[in-house]
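*Asks:* Letter by letter, the chains look like this.
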Amino acid sequence: MRKRFKTTEFYVAIIILILFTVIGSQNGAFFSSANMFDLIRSSIVPGIFVICTMMVIISGGIDVSFPAIATFSMFTATKILMLLHFEGPVVVPFILAGLIGLCLGLINGLLIAFFKLPTLIVTLGTSSIFSGFLLTFVGSRQISNLPKPLEEFGKMQFIKFTDSDGIVIGLPMSVLITVAVVILVAVMMKYTMIGRGIYALGGDPVSAERIGFSLPFLQCFVYGFVGLLSGIAGMIQTTMMRSSNPVDLLGSELLIIAAVVLGGVRITGGHGTVLGALLGLLLIVTIQNSLILIGIPSYWQRFVIGALILVGTAIAAFQMKRSTAKQTSILI
Amino acid sequence: MSNNALKRTEPDLSHHDLSFSFSRFLKSDGNLTRLFIIMVFVFIMMSILSPHTFLSIDSFSSMAFQFPEIGILALAMMLTMISGGIDLSIVGTANLTSILAAMVMVKFIPPDASAGISILWTMLAVIVSMVTGMICGLLNGFAVGKIGIPPILVTLGSMQLYMGLAVVLTKGQAITGLPAAFSGIGNGSLAGIPVPLILFAVCIALMYILLNRRPYGIKLQLLGTNRTASRYSGINNTNVLLKTYAISGLLAAIAGLVIIAHTNSAKADYGTSYILQAILIAVMGGVNPNGGFGKIAGIVMAVLTLQFLSSGLNALHVGNFFKDFIWGIVLILVMVINVLSPKIKWGRRRHRIT
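Residue numbers (this note's numbering), protein chains in the order written: chain A, 814 to 1145; chain B, 49 to 402.
None of these hints come from the bench; they were simulated from the model.
Quick reminder that beta carbons are idealized off the backbone N, C-alpha and C, glycines included.
Hints are supplied without guarantee of correctness; some may be wrong.
Cross-link-like lysine-lysine pairs, in silico, PhoX-like; alpha carbons within 25 Å at most [to be verified]: (1) K1134(A) / K194(B); (2) K155(B) / K219(B); (3) K973(A) / K961(A); (4) K968(A) / K892(A); (5) K961(A) / K892(A); (6) K892(A) / K371(B).
Computed spacing ranges between beta-carbons, pair by pair [claimed, not checked]: (7) V1019(A) / L381(B): 22 to 30 Å; (8) R954(A) / L381(B): 25 to 33 Å; (9) V154(B) / D851(A): 36 to 44 Å; (10) A999(A) / L381(B): 34 to 42 Å.
The shape of chain A in the complex, shown without the other chains:
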């Protein structure tokens, strides 16, 4: 039990609670169900991205290309379906986007696994390639009349009720996809050999190889899987916005990485949990959506988030320094 109090997740949860009480005491509208549902709705797509980034960072790398992959797959998939006058089940667009994302992710994975290139620079390069290719050759104009199945899926509500003020509140069906992804990855990271391999790869690649993990396979798996999930997330974005915009998601990567790192996933690899990453996301989303509720102008947003990253990581680094200091003192 005492161990639980020492985790980063615990601190982040406390910070979120404090933030909630502060914002809630300043503005009663914060705790209204409309606002809470709004927070959840704005975490559906970033939720999947956070899970992706968490996996990559645990494996000891970093991926900044997932917004480009998501945009590429959703826009290309929508375009293909438009050309085919698609009318079939809604699963098909998601599978198509996922497959496109998988291919793009595998490009990252192969470059990283077989040429041993630094992950940040590879993904910076490929994200520039993907978005450049998309905007030049596939199209740069937003598609606003989606195929019918996508349009209908976007309108479907998972929960729907009218609150005391007469406002209709609901959550889109796609929230279920995010929940499924979260559970799937949480189980995979904890109970399967691949998940353990990813932790091992991030913790110490040499040891991971010696105990029999295939590093190229693990790296291709991680980046491919991330590509697949990004493609699906992109499709969710399309259904939620009711349009496919090729510049919608670009530029969101840094905030996602910040959320993951704030949630206690170590940037050096090998350490982190799904719960922590989600808490980090909650923190960032709350700040993004609620600064205005306590009367802080929205142009302070960037500053606050930057300060939060610096302070949060400084605390984490400080803790780690202290724990390693303890270890060496035992050895001597």
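Fit chain B to the known structure of chain A by using the hints.
*Replies:* Frame of chain A; chain B shown alone:
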């Protein structure tokens, strides 16, 4: 055998020899040779593809005004990369410091000020921006060296922080109406040479001295290669890191000044794509992203290559998105070639066969 032994006792005089031989310089580093070939290849390609637009004096002079800003940013990136880190905050620093400079100039120089007063305030604005740049860099260096946060995270956070501050200061608006004396720096020429190019040359010269003629350069390389070894050999790692990031911030501030002098306005989110380009140029120029190695000549050649590519594609009326695409491909290709080429070793294999 004896021949070898004789060779070994001979001291390496190449560093003391002041006469400059271009072929020897290129031969000393395979990466530089490759880069030189790529640069010449791109130049010839672009000359063939658009002989009238690319090979004109106008195009060369506009190039000379364009590449210094990104070149200076790439120098900053190179420095932090040699130390084994990365500085994602350079564009944020450049924007923040240039906004401060623009604010000083716009606020304190009355429209009817005499030349003396206006030059005085411009100088002050430049000093303010450079000092702020160094402070921004020192903050990064403190977080990296003293607290021990990974550089990527520090500069990710400080990038948001500096850009956020710039947004707060300007409320998201652009600052325009800089004094003519200042924008003359960005668009003027001195004895036929564009002023930004002169500034770039000065930065290169200072960096060359710093890296090759001062103990700092050796310390930086050792730190980048092996942090523990450098600590045990008596180098104050924290000190070197503080210096590195401070110089990086200073260079970013200079780049910011060149940018606002060139565009005659300052904005909080100006040039966000410069980050990728600076990393691209540094990596293409042969800087090892894991630290320890990098040459200024490589940076210069990489900047020129990209400028040829970009101007040539402009002359061909290619869109900006396509340029992004090409740059990404060039970045990945250069890195793959850099990894593969030591494994192939063309020269030696031929020897073994004959």
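*Asks:* So does A999(A) sit 34 to 42 Å from L381(B), Cβ to Cβ?
*Replies:* This hint holds: roughly 38 Å between Cβ atoms.
*Asks:* Does the structure keep K968(A) and K892(A) at a Cα separation of 25 Å or less?
*Replies:* 20 Å, holds
*Asks:* Is 22 to 30 Å right for how far apart the beta carbons of V1019(A) and L381(B) are?
*Replies:* Hint holds: Cβ distance 29 Å, inside 22 to 30 Å.
*Asks:* Starting from K961(A), check that the Cα of K892(A) is at most 25 Å away, please.
*Replies:* 13 Å, holds
*Asks:* Just to be careful, I want the Cα atoms of K1134(A) and K194(B) compared with a cutoff of 25 Å; is the pair within it?
*Replies:* 11 Å, holds
*Asks:* Starting from the hint 36 to 44 Å, judge whether the C-beta atoms of V154(B) and D851(A) obey it.
*Replies:* Since the Cβ atoms of V154(B) and D851(A) sit about 40 Å apart, the hinted range of 36 to 44 Å holds.
*Asks:* Does K219(B) sit within 25 Å of K155(B), going by the straight-line distance between their CA atoms?
*Replies:* Holds, at about 16 Å.
*Asks:* Does the Cβ-Cβ separation between R954(A) and L381(B) fall within 25 to 33 Å?
*Replies:* With a Cβ separation near 30 Å, R954(A) and L381(B) satisfy 25 to 33 Å, so the hint holds.
*Asks:* Given the proposed pairing of K892(A) with K371(B), does the C-alpha separation stay at or below 25 Å?
*Replies:* 23 Å, holds
*Asks:* Taking 25 Å as the top limit, are the C-alpha atoms of K973(A) and K961(A) close enough?
*Replies:* Roughly 22 Å separates the two Cα atoms, so the pair holds.
Comparing the model with each earlier hint shows no violations; every hint is respected.
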